[in-house]
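**Q** In case you want the letters, here they are:
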Amino acid sequence: MLIGGEIIRTMGPEADVRDRKKLDRLLLSIADGNREALGELYGCARGAVYGLALSILKNSQDAQDITQDTFVKIWESAGYYRSMGSPMAWILTIARNLSRMRLRVYSHMAEFAQEQWDAIPAGSSAVTVEDRVVLQTVLAALEDQERQVVLLHAASGLKFREIAALMEQPVNTILSRYHRAIKKMSAQLKGDVPL
Amino acid sequence: MTDRELERKLEQALDHAGPDDVESILSRCRAGKGTVVEMEDMITDGTVKNNAGESGNGNGNGGNNSSGSNGSGNNDSKNNGRKRRTWSLAAAAAVLALILAGSGGGIFYWQMRAVASIISLDVNPSIELRLNRNGTVLSCKAMNRDAAAVLYEMGGGADLEGIKLDVAVNAIVGALLRHGYLDSISSAILISVEDSDQGRAARIQEELVTVVDTALQMSSSQSAVYSQKLTVDAGMEIQAQNNNISSGKAYMVNQVIALNSSLEFEALAALSVEELRDLIKIGAPGMPIGTGAAAIIAEEYAGTNVMDSNVVRDVDPELDDPVPHYEVELNLLSGEEFEYRIDAFTGAVLSGQQDILNALQEPGNGVGTGSQAQEPGNGGNTGSQVQEPGNGVGTGSQVQEPGNGGDIGADGAKAAALTHAGLSESQVSHLEVERDWDDGRLEYEVEFKCGGYEYEYTISGTSGAVLDHEMEWDD
Numbered sequence: 001m002l003i004g005g006e007i008i009r010t011m012g013p014e015a016d017v018r019d020r021k022k023l024d025r026l027l028l029s030i031a032d033g034n035r036e037a038l039g040e041l042y043g044c045a046r047g048a049v050y051g052l053a054l055s056i057l058k059n060s061q062d063a064q065d066i067t068q069d070t071f072v073k074i075w076e077s078a079g080y081y082r083s084m085g086s087p088m089a090w091i092l093t094i095a096r097n098l099s100r101m102r103l104r105v106y107s108h109m110a111e112f113a114q115e116q117w118d119a120i121p122a123g124s125s126a127v128t129v130e131d132r133v134v135l136q137t138v139l140a141a142l143e144d145q146e147r148q149v150v151l152l153h154a155a156s157g158l159k160f161r162e163i164a165a166l167m168e169q170p171v172n173t174i175l176s177r178y179h180r181a182i183k184k185m186s187a188q189l190k191g192d193v194p195l
Numbered sequence: 001m002t003d004r005e006l007e008r009k010l011e012q013a014l015d016h017a018g019p020d021d022v023e024s025i026l027s028r029c030r031a032g033k034g035t036v037v038e039m040e041d042m043i044t045d046g047t048v049k050n051n052a053g054e055s056g057n058g059n060g061n062g063g064n065n066s067s068g069s070n071g072s073g074n075n076d077s078k079n080n081g082r083k084r085r086t087w088s089l090a091a092a093a094a095v096l097a098l099i100l101a102g103s104g105g106g107i108f109y110w111q112m113r114a115v116a117s118i119i120s121l122d123v124n125p126s127i128e129l130r131l132n133r134n135g136t137v138l139s140c141k142a143m144n145r146d147a148a149a150v151l152y153e154m155g156g157g158a159d160l161e162g163i164k165l166d167v168a169v170n171a172i173v174g175a176l177l178r179h180g181y182l183d184s185i186s187s188a189i190l191i192s193v194e195d196s197d198q199g200r201a202a203r204i205q206e207e208l209v210t211v212v213d214t215a216l217q218m219s220s221s222q223s224a225v226y227s228q229k230l231t232v233d234a235g236m237e238i239q240a241q242n243n244n245i246s247s248g249k250a251y252m253v254n255q256v257i258a259l260n261s262s263l264e265f266e267a268l269a270a271l272s273v274e275e276l277r278d279l280i281k282i283g284a285p286g287m288p289i290g291t292g293a294a295a296i297i298a299e300e301y302a303g304t305n306v307m308d309s310n311v312v313r314d315v316d317p318e319l320d321d322p323v324p325h326y327e328v329e330l331n332l333l334s335g336e337e338f339e340y341r342i343d344a345f346t347g348a349v350l351s352g353q354q355d356i357l358n359a360l361q362e363p364g365n366g367v368g369t370g371s372q373a374q375e376p377g378n379g380g381n382t383g384s385q386v387q388e389p390g391n392g393v394g395t396g397s398q399v400q401e402p403g404n405g406g407d408i409g410a411d412g413a414k415a416a417a418l419t420h421a422g423l424s425e426s427q428v429s430h431l432e433v434e435r436d437w438d439d440g441r442l443e444y445e446v447e448f449k450c451g452g453y454e455y456e457y458t459i460s461g462t463s464g465a466v467l468d469h470e471m472e473w474d475d
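Protein chains in written order, with our numbering: chain Y, 1 to 195; chain X, 1 to 475.
What the hints contain is simulated information worked out from the structure, not anything from laboratory work.
One should not assume that every hint holds.
Among the chain Y residues that face chain X by a calculated CB cut under 7 Å, a handful are [as the list claims (entries may be wrong)]:
#, residue
1, Phe71
2, Asn97
3, Leu103
4, Val105
5, Ala126
6, Val127
7, Ala154
8, Ala155
9, Ile182
10, Lys183
11, Ala187
Covered stretches of chain Y, as calculated for chain X (at least 3 residues, CB under 8 Å) [unchecked claim]:
#, region
12, 28-39
13, 47-61
14, 140-153
Every value quoted in this text rests on a predicted model; they were computed, and no experiment measured them.
All C-beta atoms in this analysis are idealised placements derived from N, C-alpha and C, irrespective of residue type, glycine included.
Excised from the complex, chain Y in its bound form:
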């Protein structure tokens, strides 16, 4: 996760606990109306929120919209947050619900059925060639649900059981999807698309 420009990775249980405590603290500050805390939380979680929204909506523009809306919603709802050990799951639940609401609207649109995987927002200068390959080409080779699991695991730091709860699927299903996705991605990268 990016915090103040520095990449902090969840490397083990201790770091994991630290990250969770940090997110907890930020959410409690936001509940008190601290705007800086919201900015910091945005830096920590925007990638994960974007990844989840993208995996559900399959469209970069919509995913960007939902990402922004999610943090506004967090600002408004932080007062309801109760620390139960998984602040990221709480954040992603908001993102998931907003994404599903958007899907409901789209489900009535004929063109939605033809929606293709579109992960790269237009005019995004920060996206490198490598990002493009990973996000667009490699992920396009996955099934929707495989993509969802792998994006969540990579970007959110959630444990598989938490992802299972978030996606409302059995943990075994999530695990097998994850491993299948990683295999497919590795094959793609090795075979067809050199990085």
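The hints should help you fit chain X onto chain Y, whose structure is shown.
**A** Relative to the frame of chain Y, chain X by itself:
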């Protein structure tokens, strides 16, 4: 490349591709969250400003303006939701505005933002859409509480802005169907088109009738579709706003008043589209009693008004019948149905069986021992009981407890309801689950509150299917 390296690349790519514009979020986050945002603050595009008539209605519904707000403390998000896509375009829009200010592009921009047509859809929910000359939705506004509930899942209407009219109407009809407004054969939807260009109005009218009709047919709804072109003056618009109806329905009400000037606008505004249409058809001889009063009269006559449960299944206005009446259908828990015909203007009971509960208590009638006894869950029992034969639903159809494998459990029911609502348990309050029986079927009643709304679900206890749901303002 290891799995971890692969994941790190993904994480990095998401960081690069995702939005990085915290300022736009902070600009949408107001201090003192949870307070009602003033109406002026919520209007962003200037296309719809005339909400003065609604703001004073005192029911928290005054925010049904173009921004789709509901006027409650939690609606800043919906207000802000309206600004979707604008965050990434904000800078471009500012530059564009500067360019347009000094060029003919300004005229083009204005035309794209100018309202060319106003479309209203009325069932009981009244929804108004404003379009530019290209048929793109500029704003979508809930005119009453029912409409606000229908549009809730579409950001209060904000999600429909910027898309084509047919797509927006399709989405609205879908939501109306899901909310059960077009289930009954007696229901009707009125499409009204207001446009100074009569040719365009006719084209829009024709297109919408096709869109709505197709959507209804695909869902096997037998609702009627009515449409009208109209010209609305300022006076009528104020009447519409004061009564929380669309200008299309106001136009229809005025047609009735033109036939019978003794009728009052406010009372007529409360009638359904179907009732108004029938009144016009028969020359508006008087003020009908309305579906609510018809149901009460039928229940009193049947004696079911002493029961706790709602036995009124449907009230169908038949005002264009030779004897104008309301057809009221009562359904008992035992599955038995009773029909009553209530005179539409006098309230007299024209036909139907009187005092059905006493009649059915007679041995062999199979409905049980009395009105209260038919209610599973009465007498302090919260709903997990098995009905004893003869004590509840009847001798011929006593409830059988399904095996454990057939019961999804309270948690399963809760999950089904929350999933349907698109909410998580952490987001809702006052969550209650009650196990219940209905005509021998195991059901769960799930209730919770969120975002100023009360949700009520009936979930099948065996399949987890959503049998019924309601979402209404929490007063």
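**Q** Each of the hints needs a verdict: does it hold here or not?
**A** Right, here's what the structure says about each hint:
1. Phe71: With Cβ-Cβ at 5 Å, under 7 Å, it holds.
2. Asn97: 5 Å, holds
3. Leu103: With a closest approach of 9 Å, the Leu103 of chain Y hint is violated.
4. Val105: 5 Å, holds
5. Ala126: The hint holds - Ala126 of chain Y has a Cβ within 7 Å of chain X, the shortest such distance being about 4 Å.
6. Val127: At about 5 Å, which falls below the 7 Å cut-off, the nearest Cβ of chain X leaves the hint on Val127 of chain Y intact, so it holds.
7. Ala154: 4 Å, holds
8. Ala155: It holds, given that the least Cβ distance between Ala155 of chain Y and chain X is near 5 Å, below 7 Å.
9. Ile182: 5 Å, holds
10. Lys183: 10 Å, violated
11. Ala187: Violated, because the Cβ-Cβ distance from Ala187 of chain Y to chain X comes to roughly 11 Å (cut-off 7 Å).
12. 28-39: holds (count 4)
13. 47-61: holds (count 8)
14. 140-153: Answer holds; 3 residues pass the 8 Å Cβ test.
When held up to the earlier numbered hints, the structure conflicts with 3, 10, 11 and fits the remainder.
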